[in-house]
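My request is simple: use the sequences and hints to build the entire structure.
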Amino acid sequence: MSAEQEDVEGHDASARARTWLALAGWVVVAAATIGSLLYTTLERFTH
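In terms of this note's numbering, the sequence shown has 38 at position 27, counting the first letter as 1, and numbering is strictly consecutive.
Source of the hints: derived by calculation from the structure; they are not laboratory data. Quick caveat: nothing in here was measured; it's all calculated off a predicted structure. Glycine is no exception: its CB is placed at the ideal position from the N, C-alpha and C atoms. Worth double-checking, as some hints may not be accurate.
Ranges of calculated distance between the beta carbons of each label pair, as one might list FRET restraints [what the hints assert, rightly or not]:
#: 1; residue 1: Leu49; residue 2: Ala28; range: 30 to 38 Å
#: 2; residue 1: His58; residue 2: Arg29; range: 42 to 50 Å
#: 3; residue 1: Asp23; residue 2: Glu54; range: 45 to 53 Å
#: 4; residue 1: Leu32; residue 2: Thr57; range: 31 to 39 Å
#: 5; residue 1: Phe56; residue 2: His22; range: 47 to 55 Å
#: 6; residue 1: Arg55; residue 2: Leu34; range: 25 to 33 Å
This is the structure in structure tokens:
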């Protein structure tokens with residue numbers, strides 16, 4: 012196995028990891044936004 016092949020496989024793995032991290036980040040941001048909107052809406056209706 013050549014060094015070039017190893018480098019390509021390592022790059023694929025890190026690219027995949029970055030993609031999953033980006034997706035997870037967007038999910039967290041979306042959940043936080045929705046959660047805060049629901050919270051403020053409930054606060055408004057319950058007070």
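Hints and how they fare:
Look at leucine 49 against alanine 28: about 31 Å separates their beta carbons, and that is inside 30 to 38 Å. Checking the proposed 42 to 50 Å range against histidine 58 and arginine 29 shows it holds: the Cβ atoms sit about 43 Å from each other. Take aspartate 23 and glutamate 54: their Cβ atoms lie about 47 Å apart, and the range 45 to 53 Å holds. Under the hint 31 to 39 Å, the C-beta atoms of leucine 32 and threonine 57, about 37 Å apart, fit the expected range.
Take phenylalanine 56 and histidine 22: their Cβ atoms lie about 51 Å apart, and the range 47 to 55 Å holds. Under the hint 25 to 33 Å, the C-beta atoms of arginine 55 and leucine 34, about 32 Å apart, fit the expected range.
Of the numbered hints given earlier, the model fails none.
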